[in-house]
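J.: One letter stands for each residue in the lines below.
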Amino acid sequence: MFALRGIAVSLTFFVLFYCLLSTLVVVAWRSLKLLHATEQRVAALLFGLRVLPLVAAVAITFAFVVPSFQLLEPRSIDEGMGAMPLVLGICALLLIACGCFRVITAQATTSRVVARWLEGARPLDAGAEMVTFRSRREAPPLTLVGVRRARVLVSDSTVALLSHEELQIALKHELAHMRSRDNLKKLIFRFCPFPGMARLESAWSQAAELAADDAAVSKLDDAVDLAAALVKLSRLIPVEAAPICTVGFVTGSISARVARLLAWDEADKVQPTRIRAWRVIPPAVAALVCVCVTYGPALALTHEVTEWLVGG
Amino acid sequence: MTKAFSIFGSGSRPHLGPFEQQVLQKLWSQGSATVRELLADGKIHQAYTTVMTTADRLYKKGLLDRVAEGRAFRYTPRHTPEELQRVTALESIRQLLGSGDASSLPLSYLVEALSSHDAQLLDELQLLVETKRRELQSRENNNKVRDAKGREQR
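Sequence order for the protein chains is A and B. All residue numbers for the first sequence refer to the numbering used here, where the first residue is 1 and numbers rise by one. All residue numbers for the second sequence refer to the numbering used here, where the first residue is 1001 and numbers rise by one.
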């Protein structure tokens, strides 16, 4: 009974924090002003915001709720359990099950579709730093597939349409997606569903495309080649919708991407700045000290809320 | 919501008269107002009763909410401009899809319109890319000529 109550209380806290934080993110993310941030940072921030409710809810549950129950709840008392933790616990289990189901179906659909695209495909020696396949004409023009073993599929039509330089820069774009593990991020989004998050995901997707463009381009010639490749491949009509765990080259607002590439200026290319240790260590130490000092009272407070929940 | 749609035609703009649009714009900018408050700044040159009738018509079309305030009503827009644009577009598409006897026909018109719009946009983008490429090539050629001249002079 003690263990069951502990699990119910932990799940209750998890689902409450998850829903509260998700609602806050849905309401507040659009008020963010990121005028001077690079697209890479914008994408990272939007991803962080999207997964914040899940990560924070898990962290709070394991850092406060579980220890407070373990340490402060007397094991000998045979308390009953109120309806609220029971209902919310079931909600949390349903949420987790729904997330798992969405991930599994996304993976299964992707595997099935990619296997079909790979039928008759042969390795393409494009000199890129990743496994590249030349797929049949019906496959999408240029796509990064897979989470653990990422591969790039280049269709016959793409090879015929693009010049060598255009193909190279398009592959660099996909390589940037692979390095930032965008397919894995999409799968994580599937795991933490919440109504109203679609727009944030769409904004992240657009930012991720622009960040991959930025990572691929190092001079104006590259930018023009990438823009040309985008326009050419946009004319190829996809036969079927791409599954979740894939990143297509022709994604997001094409006109915005082309306009941005044509206005590319070497001077604007921001070199990635290294985060200096002296800027990070003092706030981290201060935060750690704060947590240590307030941890006891926080556990006691959590236990009080737990009592109220279990009692209620 | 459905009541609001009935006033829209097949276009992307709601079928509102110019004065109705003016009153709606004013309410969007003010948030909410009574008829007297709408007339207060003197930008609307109409009689009190005309404004009152127009606001009442917008209320009956489902575009405004109202609450009694003394002997008058306080009107509030039911949708933001963006929401109104979105529902208008959605309703237009819905009307288009439901208009023909053969259900696939209106959809094919839509696909045709989108395809031609896309093709036109892509043509424009391609033109921009080619112009930029030519510009780059001519710049490169100029640099080569300048370098060659510099070498000759030396």
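If you're looking for bench data, these hints aren't it; they were derived computationally from the structure. Note that the structure is predicted; figures quoted are calculated from it, not measured. Honestly, I wouldn't trust all of these hints.
[Stated by the list, open to error] Quick list of the computed label-pair ranges, beta carbon to beta carbon:
| # | chain 1 | residue 1 | chain 2 | residue 2 | range |
| --- | --- | --- | --- | --- | --- |
| 1 | A | 255 | B | 1085 | 14 to 24 Å |
| 2 | A | 221 | B | 1045 | 14 to 24 Å |
| 3 | B | 1136 | A | 138 | 32 to 42 Å |
| 4 | B | 1069 | A | 71 | 20 to 30 Å |
| 5 | B | 1134 | A | 122 | 50 to 60 Å |
| 6 | B | 1124 | A | 129 | 27 to 37 Å |
| 7 | A | 290 | B | 1041 | 47 to 57 Å |
| 8 | B | 1134 | A | 138 | 31 to 41 Å |
| 9 | A | 148 | B | 1151 | 29 to 39 Å |
C-beta: ideal position from N, C-alpha, C; glycine also.
J.: So, for every hint listed, does it hold in this structure?
T.: For each hint, the structure was consulted:
In this structure the hint that residue 255(A) and residue 1085(B) lie 14 to 24 Å apart at CB holds, the actual value being about 20 Å. With their beta carbons about 59 Å apart, residue 221(A) and residue 1045(B) fall outside the hinted range of 14 to 24 Å. A hinted range of 32 to 42 Å for the beta carbons of residue 1136(B) and residue 138(A) is consistent with their spacing of about 35 Å. Residue 1069(B) and residue 71(A) have their C-beta atoms about 58 Å apart, which leaves the hinted 20 to 30 Å range violated.
For residue 1134(B) paired with residue 122(A), a C-beta distance near 36 Å fails the hint of 50 to 60 Å. The supplied range of 27 to 37 Å is met by residue 1124(B) and residue 129(A), whose beta-carbon atoms lie about 34 Å from each other. Between residue 290(A) and residue 1041(B) the C-beta distance comes to about 53 Å, which sits within the given range of 47 to 57 Å. With their beta carbons about 35 Å apart, residue 1134(B) and residue 138(A) fall inside the hinted range of 31 to 41 Å.
Roughly 55 Å separates the CB atoms of residue 148(A) and residue 1151(B), a value that falls outside the hinted 29 to 39 Å.
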